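Asks: First to last, the protein sequences are chains A and H.
The first sequence begins at 3 in our numbering and counts up one residue at a time.
The second sequence begins at 67 in our numbering and counts up one residue at a time.
The hints are simulated quantities; they were obtained by calculation from the structure and are not laboratory data.
Don't take every hint at face value.
Ranges of calculated distance between the beta carbons of each label pair, as one might list FRET restraints [as the list claims (entries may be wrong)]:
1) H:324 x A:18: 34 to 42 Å
2) A:84 x H:363: 19 to 27 Å
3) H:299 x A:112: 33 to 41 Å
4) A:84 x H:299: 49 to 57 Å
5) A:138 x H:151: 33 to 41 Å
6) A:112 x H:341: 29 to 37 Å
Since the model is a prediction, treat every value here as computed from it, not as a measurement.
Where a beta carbon is used, it is the ideal one built from N, C-alpha and C, also for glycine.
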Amino acid sequence: MRGSPIRRAVIAFLLLLAMMPVLLKVTAPRVQAVVPVAAVVAKKVQLALAFTAKPERVAILHLGREIWGKEMPDAEEEFSLEIPWPEQGGELVFRVDWPTGGPLAAMRARLTDARDVEIERSLWGTGPVESVLNFP
Amino acid sequence: MKKRTFIFSAILLAMAALHPLQAQDKLKVSSFSTILTEIAQTVGGGRVIVTAHLKPGVDPHDFEPKPSDMRIVAAADLVLLSAKHMEGYVSRLQEATGTQGKLLHVGDTLPSLKLTVQHGDHSHDGEDPHWWHSVRNIIRATKSVRDELSRISPADKPLFTANAAAYITRLEALDQWVKVKVAELPRDRRKLVTNHDAFGYFAKDYGFTVMPIAGVSKNAQPGSKAVAELINAIKTAGVKAVFSEDIANPKAIQEIAKETGAVFSGKLMSDGLDPKVSTIEGMFKHNVSTIVDGLKK
C-alpha cells in the first residue's frame, strides 16, 4: 500500500467510520426483551345463585377479598360484579353458612362473563362451608 | 399347706396379670419418612410403637441407616418407606436385617410424576419422589398404612379404620384450606422458583408452574447456562418472588433474586418435617402461606 502515513490513517479512519453501524450492532449487549404480564382489567360478570336450603349468610371472595355478601339471602339471588376477570376464567371462593346440624344442602352458581359465556358450578354441604369454584 | 396355697395363688395371679399384657403387645413400626411417621402414629394410635429412623430436619436424599437402626428394623412388624427411589439403601436394609416385617413402599402405591434426573454430564428420566406435597397423596398414603396395619393385626381393624377416617377428615379440611389460600393469588402469578425440583405434585394439584434451579437432589449443581436461562425465564414471566428450602443453601437463589429483581421471600419445607414445624398440617400451612404471601406482593 502506497501513500503518506497520514493519508493511510485517514483512509483507515473513514473505513472504520463507514463500518460503525455494523460494528455497533454486532458488539451491542444482547438485551432480553421482558414481556410484562398482561394486566387484567376489571370486567362485569353476572352471577346467579340458587339454594336448596336458605343459608344464614353467603359471601363471595375474589383474590382474598370479600366482593359480595348477604345475610339471610333469598332462595335465588342475581347480581353483577365488576372484577378483574381474565378471558381464560378465574376462581371465586364461596362461604355459605347453612344452619349447623341441618340436612345436606346445595348451592348452584351460574356465572356469565363479559363475552356472555355461561358456566355453572355446584357446592354441597352442611353447616358452614368454604369452597373454591373454578370458572371454568 | 397354707404357704403352698399362697405360692400357687400368687403364680396364678401373676399368669393372669401377664396374659392381657401379651394380648396387648403393640405392633412395632419402623418409619423412614417423617411424613409416614405421623401417619403411622395417628392411624395406629395406642396399638403401635413407631420408631422414626429419619428424624425431622434430616435430608432424606442423603440419609443412611446406622447399625442401631438395623437392630430395630430386624424386629419390626412393618417397615414404612417413602419409595419412588428415595431410599437407595432398601435392599441392603432388607438383607442386613433379615426382617420378617412387611416392607411397605408407600410411594409406589401412588401416581407418579416424571422428571429429569441429572447425574454429572448426563441425564435420564426418573420419578419425582416428593409425593407428600399433595394432600391427596397423603390421604392415599394414610389408606395404605391403615390397610397394612389391619392386615397385620385384624383384631385392631376397627380402631385403625376409625383413626384413619378422623385423620382423613382433617386432611380434607387442609386440602380445602390450601385451595382457598391459593385462590388469593391470580392464576398468572402461580409460578414457583425454588432451589430444587421438589414441588411438582404441589404444582399439579394447585395449578402452579415450577421453575427449579437444580434437579431432584439438592446436591445437584446448576450449570451457568441453566441459571442464565432461568433468569431470563423469571424476567419474562414477571415472577415477583423466589424461594429457598429449609435444608438447602439459599445463596444461589438469593443471587438469582438480585439478578432478576424478584424478592427472596423465605424458606420452604421440601423434604419432610423439621423440628420447628413438626406436623404435616404445619408444613402445608407454612409452605402455602409463604408462597402465596410472597407472590401476592
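Asks: Determine whether the Cβ-Cβ distance between residue 138 (chain A) and residue 151 (chain H) falls within the hinted range of 33 to 41 Å.
Replies: At roughly 37 Å between Cβ atoms, residue 151 (chain H) and residue 138 (chain A) fall inside 33 to 41 Å, so the hint holds.
Asks: Do the Cβ positions of residue 324 (chain H) and residue 18 (chain A) conform to the proposed distance bound of 34 to 42 Å?
Replies: Once the Cβ atoms are compared, 38 Å apart, the range 34 to 42 Å for residue 18 (chain A) and residue 324 (chain H) holds.
Asks: Are residue 84 (chain A) and residue 363 (chain H) spaced within 19 to 27 Å by their CB atoms?
Replies: holds (24 Å)
Asks: At the C-beta level, are residue 84 (chain A) and residue 299 (chain H) separated by a distance inside 49 to 57 Å?
Replies: Between residue 84 (chain A) and residue 299 (chain H), where Cβ atoms are some 33 Å apart, the hint is violated.
Asks: Is 29 to 37 Å a correct range for the gap between the Cβ atoms of residue 112 (chain A) and residue 341 (chain H)?
Replies: violated (49 Å)
Asks: Could one say that the CB atoms of residue 299 (chain H) and residue 112 (chain A) fall in the range 33 to 41 Å?
Replies: For residue 299 (chain H) and residue 112 (chain A) the Cβ distance comes to about 38 Å; the hint holds.
Comparing the model with each earlier hint shows violations of hints 4, 6; every other hint is respected.
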